[in-house]
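Using the numbering used here, you'd call the opening residue of the sequence shown number 50 and step up by one each time.
Because the hints were derived from the structure by calculation, they are not lab data.
Treat the hints loosely; a few may be bogus.
[Stated by the list, open to error] Distance windows between CB atoms, simulated: (1) Lys-302 with Lys-53: 20 to 26 Å; (2) Lys-272 with Lys-73: 40 to 46 Å; (3) Glu-153 with Ser-277: 46 to 52 Å.
[Stated by the list, open to error] Below, in silico cross-link-like pairs of lysine-lysine (PhoX-like), each with a Cα-Cα straight-line distance of 25 Å or less: (4) Lys-114 with Lys-53; (5) Lys-209 with Lys-272; (6) Lys-73 with Lys-56.
Every residue gets a Cβ at the ideal spot worked out from N, C-alpha and C, and that includes glycine.
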Amino acid sequence: MTFKTEKLFYQFPYGKRAKTQFEKREGNTIALARSIAYPEGGGQLGDKGVVKYQAITLPFIDTQKSVGMGRSVVRKDFPLINVEGEVRLTLAQENFDLLPDSGEIEVEIDLKNRCELTISHTISHVVYMGMTELRNAVPETTFGCLIGNEGGRFDVGVEKFLEDDVKFIKLFVENSIQNKDKVEIVEIPGEPECRIWQMNGISIPCGGTHLEALYDVGDIHIKRKGKSKGIERIYFEIKNVNLTPLLARFQDKLV
50 MTFKTEKLFY QFPYGKRAKT QFEKREGNTI ALARSIAYPE GGGQLGDKGV
100 VKYQAITLPF IDTQKSVGMG RSVVRKDFPL INVEGEVRLT LAQENFDLLP
150 DSGEIEVEID LKNRCELTIS HTISHVVYMG MTELRNAVPE TTFGCLIGNE
200 GGRFDVGVEK FLEDDVKFIK LFVENSIQNK DKVEIVEIPG EPECRIWQMN
250 GISIPCGGTH LEALYDVGDI HIKRKGKSKG IERIYFEIKN VNLTPLLARF
300 QDKLV
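Please construct the entire structure, taking both the sequences and the accompanying hints into account.
Spelled out as structure tokens, the structure:
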């Protein structure tokens with residue numbers, strides 16, 4: 050059967066463990082009926098963690114959305130997005146072979162990994178806001194982004210960012226942190242997987258995991274590189290990441 054995976058990571062943003070039915074798929078992956086693990090999307094890497102089946106505990110190394118499943122949402126006010134598809138976990142071959150073709154498992158996410166990605170993804174939007182303050186063509190000329198555990202990057206087709214521009218972006222982010230700016234996630238009516246990140250009147254379509262408000266997340270570093278002719282790359286890095294306030298929000302109960 051094909052699952053229309055229930056997105057527990059939206060229903061329980063501070064949940065870390067969940068029971069679910071699963072079925073094996075190709076490529077050492079298992080499809081889930083319901084998932085607390087967030088799949089890669091919007092530049093954010095997928096969750097890692099462990100799968101518990103009977104008396105064995107097996108690590109999973111990635112979470113992905115299925116390709117070519119579900120349905121496409123086409124709207125003028127939102128990027129093309131695929132919804133209602135399967136969420137799949139990737140296991141190493143030797144661990145994949147220990148599971149039956151289907152059954153019930155408990156999935157537990159790696160909380161440190163999730164919190165790092167959540168902080169990094171939230172800060173990425175603030176960096177992007179700072180870039181857009183300087184170059185209003187940034188949203189229309191963004192070629193790519195990557196969000197990792199302690200930072201990320203944006204590739205944009207705009208005029209070169211100068212040293213003072215890089216300083217401005219850093220100060221923009223630090224001011225937002227100092228002000229403890231609030232983040233709101235809004236769902237498009239009738240499309241719970243179409244989500245919009247909002248802060249200080251700015252809206253960015255995004256279904257990733259985010260802080261509810263900024264706090265002192267660590268030391269922010271911003272760098273610039275000319276990736277190729279006409280394409281600027283802005284890096285951000287978060288050193289000495291402060292996970293404690295976010296880790297405290299997560300609950301150990303099974304969902």
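Tested hints:
Checked against the hint of 20 to 26 Å, the pair Lys-302 and Lys-53 passes, with Cβ atoms roughly 25 Å apart. For Lys-272 paired with Lys-73, a C-beta distance near 43 Å keeps the hint of 40 to 46 Å intact. At about 49 Å, the beta-carbon gap between Glu-153 and Ser-277 stays in the expected band of 46 to 52 Å. In summary, the hint linking Lys-114 to Lys-53 is supported, as the alpha carbons are separated by about 11 Å, within the 25 Å threshold.
With a C-alpha separation of about 13 Å, the suggested pair Lys-209 and Lys-272 falls inside the 25 Å cut-off, and the hint holds. Our distance criterion of 25 Å between C-alpha atoms is met by Lys-73 and Lys-56, whose separation comes to about 19 Å.
Checked against the numbered hints above, the structure violates none of them.
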